[in-house]
Amino acid sequence: MITDRVGLPLSVGISGANLHDSQALEPLERGIPPVRSRRGPRRRKPAKPHGDKGYDYAHLRKWLRARDIRHRIARKGIESSQRPGRHRWTIERTMARLAGCRRLHRRYERKAEHFLAFTSIACTLICYRRLAK
Numbered sequence: 001m002i003t004d005r006v007g008l009p010l011s012v013g014i015s016g017a018n019l020h021d022s023q024a025l026e027p028l029e030r031g032i033p034p035v036r037s038r039r040g041p042r043r044r045k046p047a048k049p050h051g052d053k054g055y056d057y058a059h060l061r062k063w064l065r066a067r068d069i070r071h072r073i074a075r076k077g078i079e080s081s082q083r084p085g086r087h088r089w090t091i092e093r094t095m096a097r098l099a100g101c102r103r104l105h106r107r108y109e110r111k112a113e114h115f116l117a118f119t120s121i122a123c124t125l126i127c128y129r130r131l132a133k
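Going by UniProt numbering, the first residue of the sequence shown is number 1, and it counts up by one from there.
This list has only true hints and no planted wrong ones.
Taking lysine-lysine pairs in the DSS-like style, the calculated list, with each CA pair at most 27 Å apart, reads:
1) Lys-76 x Lys-62
2) Lys-133 x Lys-45
3) Lys-48 x Lys-76
These are computed hints drawn from the structure, not numbers from a lab.
Based on the provided sequences and hints, a complete structural model is requested.
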């Protein structure tokens with residue numbers, strides 16, 4: 001899941017438990033729709049994604065640079081994860097909101113498409129409730 005600064009889900013995907021998180025970054029990044037801002041044109045990419053050491057791979061850094069996306073990814077063996085970890089609470093809060101949906105708490109559906117549909121509906125409800133305030 002990719003969220004914005006206030007914890008609203010921008011892009012959601014599901015994968016098998018044996019897939020590393022770093023392999024899901026590119027499809028999730030491509031799945032971000034254009035976001036309307038108050039001023040200027042629609043944003044088609046995030047401003048500055050933060051990642052822990054699980055995303056410290058040369059091909060991911062190169063891919064983000066090629067898309068002209070500034071990133072903040074902790075390096076393995078060089079720096080601690082505390083700095084990017086300060087921004088992780090937005091993801092954790094959004095995951096907690098998704099865990100509040102009873103249908104998603106335990107996976108009842110056999111097909112991945114059905115589970116993704118219910119996850120998308122839950123993310124839509126999260127966005128609606130947040131924007132309605």
